[in-house]
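Chemist: The lines below spell out each chain.
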Amino acid sequence: MSGDVDEALVRQAGRALLLSIHGSARALKLYPVENAAVQRALDDLVANTVAILALEGGVEIRLSGEFIFINQTRLRLGLDNFAAFSGFVTMLRDCGVGVLRVEDGVTRREWQAFLSLIHELPADLLPEDRFERLQARLAQAELVHLDVDVGGEHDARDEEGDEALERAKRTYAHGVATARDVVNGVRMGRAPNTRRLKRAVQLLVDQVLENELSITGLTTLRDYDEYTFTHSVNVCIFAVALGRRLGLQRRQLYDLGLAALLHDIGKARIELEILNKTSALEDTEWKRMQAHPWLGTLTLFQMREGEDLAYRSILAAHEHHMKVDLTGYPRPVRPRRLGFYSRLVAVADGYDAATTRRSYQDDPWEPAQVLREMWLNPHRGYDPVLVKALINLLGMYPVGTAVILDTFEVAIVAGPGTDNTQLHRPLVRIALDATGARLPAPGELVDLCQTTPAGEYGRTIVKVTSPDRYGLVVSDFFV
Amino acid sequence: MTAPRLAPPAADVKVVEELLRSLDKGTRALQMYLPNNPVYQRAVEQMGEAFAPVWGITGQLILDIEESDILWEGTSVLSTGGRGDGLAWQLYKDGLRRLTLTPGVESEEIVRFLEVVNRARRLAADASDDLLTLLWEQEFVLISYAFVEALGDGIEFLQESAVREQVVPPGAARDEVATARSSGDTGLAEIDEEDSTPYFLDDAEIRFIRGELDEEYRRDIRLAAIDALLDILETVADPAVRREVVGLLEQVLPALLATGGFGTVAHILREMRVINARVPGLDQELHQAILSFEDRLSEPDILEQLFRVLEDGGVREGDADVGAVLRELKPAALPTVLAHLGRTLDPAVRRLLGTSVDDLVRNDPQRLEAVLDGPPSDALEPALQAVARLRLQSLVPRVIAHLQSPQDAVRVAAVQALAELATPTAITALEGALHDPERTVRQMALQAVLARGGSGGAQGKIEHLIFGTHELDLERSERRALFEAFAQVAGAEALPRMQSLLEPKGLFRRSAPAEVRACAIYALARLRTFEARMLVDRFTADKEPVVRAAANTVLRDWAP
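Heads up: the sequence lines are chains A and B, in that order.
Residue numbers 1 to 479, in this note's numbering, belong to the letters of the first sequence in order.
Residue numbers 1 to 560, in this note's numbering, belong to the letters of the second sequence in order.
Next up, chain A with everything else stripped away, as it sits in the complex:
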């Protein structure tokens, strides 16, 4: 089998193993061991263990920073399994465990005992104390095919950064889950949980205020299948980050964030066949798609509770495709001036949509290209001052852009550089060295503003490129 296929199989088996470890741990926590749900969970766990051991012989699950490795293979997290992975990581970290080894021959009894031992550790001990006690109990219980270790050295700064990224991921996943809940609710004619919606926006606003870079990095997690939901969250993040840059206060950022999160709610009333169509839309289909702004207006009016009617959200939903000169859609009949928040959302929406691979857009534009087009082409209908502010926020080479350096290394832009007057010199992570060899993700972090002792720049971007060309998955560098 080719290396890539092997890796994919290990990833798949590794994901299944982690999910079943988490599922069994949860079941044991909730029910007595003889309960049918616990037995089923343990059955799954045993089956998944057998499957991965058949591939790899022995398995070492290693937590390294914010990443999880199965032997040498890094697991890619998806939004559909993030909660369980997060639960698994938390379970191990709380016991100070950095490595879990699973050897061929592990039995059901050993898994059950191992997970029960973890569950029984006193909650008021520090992780390192819990680890010591766990090790002692594992030895007492003679669990020979399962072993734990503390893992690699990690300095406090890294831990802080890891924790910050972990928080960002949780907030992002929570936002996506909420967006999914709202949209699916609309499809099924169910009233959404407005309180949950508010909480999600408040968390996103706080995350942007606290650590903008970590959460904007997550917008590179362009999930093909969950596009509607991730897009809503991404637009919310970009809009709030932009609003913050423009000096909006916290409550204003909340208003803006809510409007951004709900801007495409009208798509919940568009037929899935049209939304998911992979080929070009027919005229009637395109016309139907163009209805989503005013369908959003109707949906949001229906969603109000008493007088708690988010009019700004309604306007953003209705106006975000109108263009500043009102030549977009829907065309207004009554006099209208495009709202400031609607224009902000339009800019964020346009950027995220153009940079995402979708069912009908197999070849999305590169972020830098998108910004240039938004800036140079007035027919796109974006507010030029806000586009300028967006470029200022994201840099000329936004996070996630693949670039070729003058050293012929290929890198992924990771954030703004340390000199914020030099928008063309961001932070990058080296993905491929000068010979084209792939470097292990996440790659060395380099500040393009750095100069040599002679005062020259060490590296400079010479070209924007497509990550696909080099087999790079951008989100691997952020998630």
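Hints are not guaranteed to be accurate.
To be verified - What follows is a list of derived Cβ distance ranges for each label pair:
{"no.": "1", "chain 1": "B", "residue 1": "Glu45", "chain 2": "A", "residue 2": "Pro384", "range": "54 to 60 Å"}
{"no.": "2", "chain 1": "B", "residue 1": "Ala320", "chain 2": "A", "residue 2": "Asp283", "range": "43 to 49 Å"}
{"no.": "3", "chain 1": "A", "residue 1": "Gly185", "chain 2": "B", "residue 2": "Thr100", "range": "33 to 39 Å"}
As the list claims (entries may be wrong) - Below, a sample of chain A positions facing chain B; criterion: calculated Cβ distance under 7 Å:
{"no.": "4", "residue": "Arg170"}
{"no.": "5", "residue": "Thr194"}
{"no.": "6", "residue": "Arg195"}
{"no.": "7", "residue": "Leu246"}
{"no.": "8", "residue": "Trp294"}
{"no.": "9", "residue": "Thr297"}
{"no.": "10", "residue": "Leu298"}
{"no.": "11", "residue": "Phe301"}
{"no.": "12", "residue": "Tyr311"}
{"no.": "13", "residue": "Leu315"}
{"no.": "14", "residue": "Pro332"}
{"no.": "15", "residue": "Phe340"}
Derived by calculation from the structure, the hints in this document are not laboratory data.
Fair warning: this is a prediction, and the values are worked out from it, not measured in the lab.
In this text, a Cβ means the ideal position worked out from N, Cα and C, and glycines have one as well.
Given chain A's structure and the hints, the job is docking chain B onto it.
Modeler: The following block gives chain B in isolation, referenced to the frame of chain A:
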């Protein structure tokens, strides 16, 4: 292995316990009393006092929240024993798990925090807010907290409240430099100002952004959103969508009225008419739906919303928006408007509704007839007043019917209306009201009859009141008025009648009471004849003081 956490000293625990008890008690006081109440103020004071010793033992108070307990350093400092209204549960149930208080919190933030807790307590289970969403809006600086947030798959994570970041508006630093330059501040560094990139906002753009943000919060977004709905109604041909829009506008109407959005309501109604006229091929059902929407405003439940807002909000005279809405009312609204007009004490509201009533009646007088013919209600009095105001003489017979009303106020209104209308029929009916059991009615009827000269029947009725037997209790001023009225209508005929009262003749003559004789004097003064004067003159020395006084008073003003 690290050492287990040591319990804090008992004395320190006591200090924190005292604070938590004070906070728990304070929460209840804040819930039950208003800020100007001494109990509220005392509770706030006590909470502040309880913080002082705490800052002597710790620089920051970190409390862990459990279902029935609040812990400090692992020790319970407040146990509410499963009480649903206890502070611990109120915090715990919405997800709060840790509370960190910093010195200075006692000056203002702690009271605000506890008020939010009380607000959250009162929320319905399905409310769109909870404790956490309400706390987020407060932007505390000296209070931070950690809470659980559900991620899905049964996973919860502990999230810290964000430390409030000071958001610096764009251009703030430039403003500072510009100010320093203009003030000749020598602390400015000498640097080249080279903006090497075109992607930074210049001053004009920063001003533009600020202006746009201000405008965003100044403009009427509600109206803009409603216009979006109206555009959809006009441009989307799908009948189901149009019905949906009309339904939404109907639902929004009460909320608009309740929040004083009168201008928006009037705008909706006008635009609905425009759409009805402008859109070709509007199906009949939709056409009716739009018309019935207009009728909706005139329904009693909607109107009650409107009236409540008018009464609560304080109506400004000449409020164009309110007037615009009232002009949109259909005739069916008349009874409801009249009823409220009969109840309201606010003069501005009375004037507004009075104008509205007049408009409605002019459009459909039959509605007013229906009110007049209907059962007694608050609407009747203002309906009678409207008849008079609008001079609806055709309704005189209906007004006359209300002279028999068991309600004094209605009969008064009827008399006033008939007096205004003053048709012969009205005057004749008013003469009948001279014998009304209610004094006000009689007096008003008398004034009205005299003003119009009365008809033939007036004299007889007045005469009966003066000389006849009846059960009416006439007090002095009314009696005098009747005597004077009699003289006015009877003319010279009154002289011998008055004389017979003043100088009774015959064997078994009996003097009338002094008060009656005095009234006779005043009646004679109305005649203004020589004979009448000579007769009055004879009583200037009457043995009854009240008669003497009447005669002298009358003669004083009566030139020979």
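Chemist: A separate judgement is required for each hint: does it hold in the structure or not?
Modeler: The hints, checked one at a time:
In this structure the hint that Glu45 (chain B) and Pro384 (chain A) lie 54 to 60 Å apart at CB holds, the actual value being about 56 Å. Range check, Ala320 (chain B) to Asp283 (chain A): about 47 Å between beta-carbon atoms, so the 43 to 49 Å window is met. The supplied range of 33 to 39 Å is met by Gly185 (chain A) and Thr100 (chain B), whose beta-carbon atoms lie about 36 Å from each other. The interface hint given for Arg170 (chain A) holds, since its Cβ lies 5 Å from the closest Cβ of chain B, which is under the 7 Å cut-off.
For Thr194 (chain A), the interface hint holds, since its Cβ comes within 7 Å of a Cβ in chain B; the closest pair sits about 4 Å apart. About 5 Å separates the beta-carbon of Arg195 (chain A) from the nearest beta-carbon of chain B, less than 7 Å, and the hint is met. Taken as an interface hint, Leu246 (chain A) checks out: its beta carbon lies about 5 Å from the nearest beta carbon of chain B, inside 7 Å. Because the smallest distance between the Cβ of Trp294 (chain A) and any Cβ of chain B comes to about 5 Å, under 7 Å, the interface hint for this residue holds.
Among the interface hints, the one on Thr297 (chain A) holds; its C-beta lies about 5 Å from the nearest C-beta in chain B, closer than the 7 Å criterion. Restraint check, Leu298 (chain A) versus chain B: the minimum CB separation of about 6 Å is within 7 Å; hint holds. Satisfaction of the interface hint for Phe301 (chain A) is found here, the shortest Cβ-Cβ separation to chain B being roughly 5 Å, below the 7 Å cut-off. The beta carbon of Tyr311 (chain A) is positioned within 7 Å of a beta carbon in chain B (closest approach about 4 Å), and the interface hint is therefore held.
Interface restraint check for Leu315 (chain A): the shortest CB-CB distance to chain B comes to about 6 Å, inside 7 Å, so the restraint holds. Proximity of Pro332 (chain A) to chain B holds as hinted, the smallest CB-CB distance being about 6 Å (cut-off 7 Å). Below 7 Å, beta-carbon pairs count as interface contacts, and Phe340 (chain A) has one with chain B at about 4 Å; its hint therefore holds.
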